[in-house]
Amino acid sequence: MICFTWPDGTSGSYQVSLIYQPNDTYQFQMWDILSAEQNLLSLQEDIRYYQLLLQLCDRLMFRYDCTDNSYWLYWVRCDQHITIFKGDLDVWISSITEKGCLTTPHDSGFDAFISALKSHISPLEFQFQSCIVTQGKKMLPTRVIAESFLYHGRKVFAGVFETVASTSNVQSDTGYSESFIDPLTGMLNKKAIIEFAQTSLAASENGPLCFVLLDIDNFKSINDRYGHLFGDEVIKAIAKIIIESVETSGICGKFGGDEFFLILDKPHTEQELRTVLRTIQSNVRMLYQDTPNVDMITCSIGISRYPQNAGDFKTLFLIADKALYIAKQRGKNRYIIYSEEKHGSFQVPEEATLIDVQTTPDADVALQHLSDSFVGLFKKGKSALPDCLKNVLTCFRLDRADVFVGKDLQHLFHISDTIKKSADPAVLQVSDFKTLFTEDHTFADNNINELEYRIPDAHSLLSKSGTTATFMYYVENEKGPVIFISFDRCDGKYTWSKMYLMNLKILCQVLETILVQE
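Take 2 as the starting number for the sequence shown in my numbering and just add one per residue.
There may be inaccurate statements among the hints.
[Unchecked claim] Once the Cα atoms are required to be at most 27 Å apart in a straight line, the calculated DSSO-like pairs of lysine-lysine come out as:
no., residue 1, residue 2
1, Lys221, Lys499
2, Lys329, Lys237
3, Lys192, Lys138
4, Lys191, Lys156
5, Lys329, Lys465
6, Lys100, Lys221
7, Lys421, Lys343
8, Lys380, Lys221
9, Lys391, Lys381
10, Lys315, Lys333
11, Lys408, Lys435
12, Lys87, Lys139
13, Lys221, Lys343
14, Lys192, Lys315
15, Lys391, Lys267
16, Lys391, Lys329
17, Lys315, Lys329
18, Lys422, Lys329
19, Lys192, Lys241
20, Lys421, Lys408
21, Lys100, Lys138
22, Lys138, Lys87
23, Lys221, Lys119
24, Lys267, Lys315
25, Lys465, Lys408
26, Lys506, Lys421
27, Lys191, Lys221
28, Lys267, Lys237
29, Lys315, Lys191
[Stated by the list, open to error] So the derived label-pair ranges between C-beta atoms look like this:
no., residue 1, residue 2, range
30, Lys192, Phe438, 41 to 47 Å
31, Pro387, Arg155, 52 to 58 Å
32, Pro293, Thr419, 42 to 48 Å
33, Gln510, Tyr454, 29 to 35 Å
Quick caveat, the hints were computed from the structure, so don't treat them as lab data.
As the structure is a prediction and not an experimental result, all values here were calculated from the model.
Just so it is clear, CB atoms sit at the ideal spot from N, CA and C, and this is done for glycine as well.
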């Protein structure tokens, strides 16, 4: 790069190259870097402008490649192309016919549209009756408009579908907002953001991609203290911060009650990624700093990266979920970028499904899971216990559940996806350990290291079995067998909320009743 000052007093920075020619001469070329940068910024602004227009028009769009009959039907929202169909045009025609999206027999306008498209007639405009735009909900007059152009040397059609009121000729709603957009925040909803993540991963070609899970800290307390209307305002405010912080670096969506999911494809270095994350966190903390009687709002974030951490959607999501859990356990108000060197290896159970893809559960979710478990227990009895215990582990993010019965504490069940060692009932024989149980037969410890000096033998047995935090239920029933149930964490401390303890106690009481009866 060379700086020049010209005779008229103007100056600039130029990229210079010398190209050797076969006749022993050099070709000298100069590029005005500042001018090129300005042009690039102008083009980026134009792109952003047209992206915004596409979002506002809210139409169902399509692209048709004349060369191979490939057809792409999509809808644009939040800078994202949401794919409705991608494949052969004739396959799409068959699928919408089977779904009843066209009149029977086909409206002549639709057949004329397909004929014109395949004959490469441009421009084209047709109208016919269909429920293509309304997703099969309502048969309405539908207009299609398209133009052809050259795209990478191939003739391609681009067009839009829109419904038209039969009397006023005014475009009506596409119907896709309800399916893909979260009504509270205007973000993509859970279904749409997962589909986009899967599509992005399939099209990434080993380029950098980050899965980001964000959870508002102590959101239930916010709702309880300030009310649900204020809670909604917090969610909307944080959604706005996320959208503005991400901008063109990726796509973001609302994943659950107070949970957000981001797919970032622009941060090419860890430093760039950290800049985005810090921006979100600092802006969230500043939300209500000048509002009297409102505590500081914070968030926790977990991140997985492709291709460093994994190559498939399920594993990447669960790793991000694990990183979010670590952030919560380390005190919240922080982000964790998962690294095997720092956080250990991560194995996804073969039977894990997207039901496992959930961020830190709140009490309402826990109660629903337990209610479902109770129904199964009352209907099926002891045979429903394994599924019930698995449900509890998933809900409360626990690693292991063990059930022992009888005077000799026979090991009845061991449930865990990752931990082979079971809890050790010998800890009950340690002097003074039973005194730790409350009158309702429960004992909870979020960090068993606290026992090291109080009851060292108990600490030793718990440590050998891999326990780091535990909830135990123990009953000596004169009319029936001894019941000992242990729910454990085997990786770090665990926060037992009052609601969790109450729900687990009720569950254990139900299990005791089932086991005694059988």
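Going down the list of hints, with the structure as the test:
Restraint check for lysine 221 and lysine 499: the C-alpha separation of about 13 Å stays at or below 27 Å, so the hint holds. Of the pairs offered as hints, the one joining lysine 329 and lysine 237 holds, with about 22 Å between alpha carbons and a cut-off of 27 Å not exceeded. A C-alpha spacing of about 19 Å is found between lysine 192 and lysine 138, which places the hinted pair at or below 27 Å, so the restraint holds. Restraint check: the Cα-Cα separation between lysine 191 and lysine 156 comes to about 36 Å, which exceeds 27 Å; the hinted pair is violated.
Taking the CA atoms of lysine 329 and lysine 465, the gap is near 26 Å; set against the 27 Å cutoff, the hint holds. As the CA atoms of lysine 100 and lysine 221 are separated by approximately 42 Å, the hinted pair breaks the 27 Å bound. Note on lysine 421 and lysine 343: the hinted pairing holds, with a Cα-Cα distance of about 23 Å set against a maximum of 27 Å. Between lysine 380 and lysine 221 the CA atoms are separated by roughly 32 Å; this puts the pair beyond 27 Å, and the hint is violated.
With a C-alpha separation of about 16 Å, the suggested pairing of lysine 391 with lysine 381 holds against the 27 Å cut-off. For the hint linking lysine 315 to lysine 333, the alpha-carbon distance of about 24 Å falls within 27 Å, and the restraint holds. A hinted pair counts as satisfied when its Cα atoms are at most 27 Å apart, and lysine 408 with lysine 435 qualifies at roughly 16 Å. A distance of roughly 23 Å separates the Cα atoms of lysine 87 and lysine 139; the hinted pair therefore holds under the 27 Å criterion.
Using a Cα cut-off of 27 Å, the hinted pair lysine 221 and lysine 343 is violated, with the two alpha carbons roughly 30 Å apart. Between the alpha carbons of lysine 192 and lysine 315 the distance comes to roughly 14 Å, so the proposed pair stays at or under 27 Å and holds. Of the supplied pair hints, the one linking lysine 391 and lysine 267 is violated, its CA atoms being roughly 38 Å apart against a limit of 27 Å. For the given pair, lysine 391 sits about 22 Å from lysine 329 by alpha-carbon distance, which is consistent with the 27 Å threshold.
A threshold of 27 Å between alpha carbons decides the hint, and for lysine 315 with lysine 329 the separation of about 21 Å falls inside it, so the pair holds. With a C-alpha separation of about 26 Å, the suggested pairing of lysine 422 with lysine 329 holds against the 27 Å cut-off. Simply put, lysine 192 and lysine 241 have alpha-carbon atoms about 20 Å apart, close enough for the 27 Å limit, and the pair holds. Restraint check: the Cα-Cα separation between lysine 421 and lysine 408 comes to about 24 Å, which is no more than 27 Å; the hinted pair holds.
Pair hint lysine 100 plus lysine 138 holds up; C-alpha atoms about 11 Å apart against a cutoff of 27 Å. The straight-line distance between the Cα atoms of lysine 138 and lysine 87 is roughly 21 Å, inside the 27 Å bound, and the hint therefore holds. A C-alpha spacing of about 56 Å is found between lysine 221 and lysine 119, which places the hinted pair above 27 Å, so the restraint is violated. For the hint linking lysine 267 to lysine 315, the alpha-carbon distance of about 21 Å falls within 27 Å, and the restraint holds.
Distance restraint check for lysine 465 and lysine 408: the Cα-Cα separation of roughly 23 Å lies within the 27 Å cut-off, and the hinted pair is therefore satisfied. At roughly 25 Å between alpha-carbon atoms, lysine 506 and lysine 421 fall within 27 Å of each other, so this suggested pair holds. Using a Cα cut-off of 27 Å, the hinted pair lysine 191 and lysine 221 holds, with the two alpha carbons roughly 20 Å apart. A threshold of 27 Å between alpha carbons decides the hint, and for lysine 267 with lysine 237 the separation of about 24 Å falls inside it, so the pair holds.
Proximity of lysine 315 to lysine 191 is assessed by CA-CA distance (about 15 Å); at most 27 Å being required, the pair is judged to hold. The hinted window of 41 to 47 Å between lysine 192 and phenylalanine 438 holds, with their beta carbons roughly 45 Å apart. A hinted range of 52 to 58 Å holds for the C-beta pair proline 387 and arginine 155, which are about 56 Å apart. As the Cβ distance of proline 293 to threonine 419 is approximately 47 Å, the hint placing it in 42 to 48 Å holds.
A hinted range of 29 to 35 Å holds for the C-beta pair glutamine 510 and tyrosine 454, which are about 32 Å apart.
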